[in-house]
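Okay, here's what each chain looks like letter by letter:
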Amino acid sequence: MKIVLAYFYPELLNLYGDNGNVEILSQRSFLRNIEVELLRISPDTRVDSMLMAHVNLVFMGGGPDSSQKSMYEDLLKNKGPYLKDYIEGEGTGLFICGSYQLLGHYYKAADGTILNGAGIFDLYTEHFGERKPRCIGNTVAELSSDILGDQIFKNVNKLGDTLVGFENHGGRTYLGAELRPLAKVLTGYGNNAEDNTEGAVFKNSYGTYFHGPLLARNPHFADYLIAKALKISGEELKALDDTLIHSAHTASKKLKQ
Amino acid sequence: MFYVVLYLAKLTNFLIRIFKKGAGFTWPGHLALKLYPSLFQNTRIHFPRGIIYVSGTNGKTTTTKLITHICENNSVKVLHNKSGANLLNGIASTILLDRNIFGKALADLAVFEVDEFTLPHLIKKIPPTVLILLNLSRDQLDRYGEIDVILERWERILAELDPRTVLILDATQKKFDVLSKAFKGKIFYFNDNLDNVRHTKLLGDFNAKNVNAAVTAAGVLGIGPEKAAESLEGFDAAYGRGEIIEYSEKMYHLFLAKNPTSFNNNMDLLTSGETFPDTILFILNDDPRDGRDVSWIYDISREKLFEACRNKEIFVSGSRCLDMAVRLEYAGIPVKKDNISLSLAKLVKKISGTPHVKSVAALPNYSAMLELREVLLGRQIL
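Chains A and B supply the protein sequences, listed in that same order. For the first sequence, the positions run 1 to 257 when our numbering is used. For the second sequence, the positions run 1 to 382 when our numbering is used.
Among the clues, some could well be false.
[To be verified] Selected chain A positions facing chain B (in silico; Cβ < 10 Å):
no.: 1; residue: N33
no.: 2; residue: D65
no.: 3; residue: N196
no.: 4; residue: L244
[What the hints assert, rightly or not] Below, in silico cross-link-like pairs of lysine-lysine (DSBU-like), each with a Cα-Cα straight-line distance of 30 Å or less:
no.: 5; chain 1: A; residue 1: K253; chain 2: B; residue 2: K174
no.: 6; chain 1: A; residue 1: K69; chain 2: B; residue 2: K174
no.: 7; chain 1: B; residue 1: K336; chain 2: A; residue 2: K254
no.: 8; chain 1: A; residue 1: K158; chain 2: B; residue 2: K104
no.: 9; chain 1: A; residue 1: K256; chain 2: B; residue 2: K227
no.: 10; chain 1: A; residue 1: K256; chain 2: B; residue 2: K174
no.: 11; chain 1: A; residue 1: K256; chain 2: A; residue 2: K184
no.: 12; chain 1: A; residue 1: K254; chain 2: B; residue 2: K34
no.: 13; chain 1: A; residue 1: K69; chain 2: B; residue 2: K175
no.: 14; chain 1: A; residue 1: K77; chain 2: B; residue 2: K34
no.: 15; chain 1: B; residue 1: K10; chain 2: A; residue 2: K256
If you are wondering where the hints come from, they were derived from the structure by calculation, not from laboratory data. Virtual Cβ for every residue (Gly too), placed ideally from N, Cα, C.
So here's chain A without its partners, still in its complex pose (with noise of 0.2 Å):
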């Protein structure tokens, strides 16, 4: 068993430990005897399908304002559409932040300007400036029904329903219509803290606010990547000793907002 991981703009989309996301998949794979091969993705790399057709786990977090408009020409003329395949042919992906949005159909920012996403998730943000605050706090939410309902996820959860993490933006995002939430917030802002969807599910890929980074205290999600890119049903996966992690998520979740 072997993990491609491509690690979309490493150098440029890192904030709030985001990295840790990559370093915690490698880690929990290597405990496990699974080999990663991991693959730094800069605005030099060429992208091609034939390259994307070894990968089996895309990962991108979020950056600053300045180095995401160093990466969002390349990503929506290079890399975009080589993306849009992969995640359309079903491959397994987490996008975290900054660009989670970015693969909506639009940013509207608080001028009004907009910038174009590269329209997989069909989602939009807006900014609302000084109208709306930040949306900054700790955060619980429960997991979608579609997710507690797979059994490669029951196969791999030994923790529970919630995901916990940290939320830290500006934009607001809308799902449309057909686009399911990854869950439901209980603490925090989530989405666009109206209607209480946090993140989006798209065939095999994930989009989500919470950073922490995310896979830190959340190792039942973190196997469900590694399952999900492995195509495997989650219960080859060894149980791995994370009582201490586990402790981590139940006291995180009595964490102030």
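Starting from the structure of chain A, add chain B where the hints point.
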């Protein structure tokens, strides 16, 4: 009004001292600003040799202490915010409390470390005569936002700053180029040359820059480089920055580790052979002063963490001790369950009862450092 505020601030401070509320140091300033928002515009607030601001993500406290040390050894009486209270209220408190009953400044010169986010705001309230900008790296994203945002704010304030102000910048910070361009006045640069730092007891290469920044500032005040270097002889670390405290026969070396850069610097120090602890105590809090988002612990280099912790006994405390322990676990550093505790006092007691521990490198973030000093020294936070 000036006097009303001054006396009120003095009274508040007196009451805080009586009730020993260490963290209440910022209250007089807070109260004064509430009552008298234009306080800093009052010329009676000024100092004869001017005001120096030191800002940047890391090294503010040490550099402030260095400048103070050099100046005092050269007969310049200095006022500085030694409490590490580097937000507007803390600085307001410091300025207000160091005055005689006529409101006249007691010091010749004021040297303040200023929170990087507060800096533009503070400069608008009271412009400094010398401004030192040390560096910018990721810190407390939930409060400060991204580095670019701060850099942009700095750029804007420098463009408006009186060109008679002297600006002192780190020559090695590439991102400071925009600042050099924005400012119309005189700029002095410092680098990481090791000559000056050798006169001090400071550890780590990162301190070379802090020392050079201080020597440059002294030069601006008319204290030449030889004189400055001479007065640095034997200079010791600011509290919590390489400070050594003995407690129940264990030597605690305190290294403030409040963001990825300072953490990585300290990890380098622990592997450099300059210091030889057998134990590492991590303390991670998520107090609003520290930033409530602790995800930055994954920006610490995994390899550096692993190297520094190799063959050492590890203890973990703080309100987010579990998160820190998980981070260590993911870096391949197992932590014994009994060595993790929310209660720092309990953990220190446990360390005291562990015979093979002789020397502890403590890596606390900001509020954790105050807590640790309180545990080790009794109640004397400031």
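Here's how the hints hold up against the structure:
1. N33: Violated - the Cβ of N33 of chain A stays beyond 10 Å from chain B, reaching only about 16 Å at its closest.
2. D65: holds (6 Å)
3. N196: violated (22 Å)
4. L244: This hint holds: L244 of chain A lies near chain B, its Cβ roughly 6 Å from the closest one there, short of 10 Å.
5. A:K253 to B:K174: Between K253 of chain A and K174 of chain B the Cα gap is close to 41 Å, so the pair fails against 30 Å, i.e. violated.
6. A:K69 to B:K174: holds (19 Å)
7. B:K336 to A:K254: It holds: about 24 Å lies between the C-alpha atoms, which stays within 30 Å.
8. A:K158 to B:K104: Distance of about 67 Å is beyond 30 Å: violated.
9. A:K256 to B:K227: violated (52 Å)
10. A:K256 to B:K174: Not satisfied, since the Cα-Cα distance of roughly 38 Å exceeds 30 Å.
11. A:K256 to A:K184: Answer holds: K256 of chain A to K184 of chain A is near 18 Å, not above 30 Å.
12. A:K254 to B:K34: Distance of about 34 Å is beyond 30 Å: violated.
13. A:K69 to B:K175: Status holds; Cα separation ~17 Å.
14. A:K77 to B:K34: violated (53 Å)
15. B:K10 to A:K256: Outside the cut-off at roughly 35 Å; violated.
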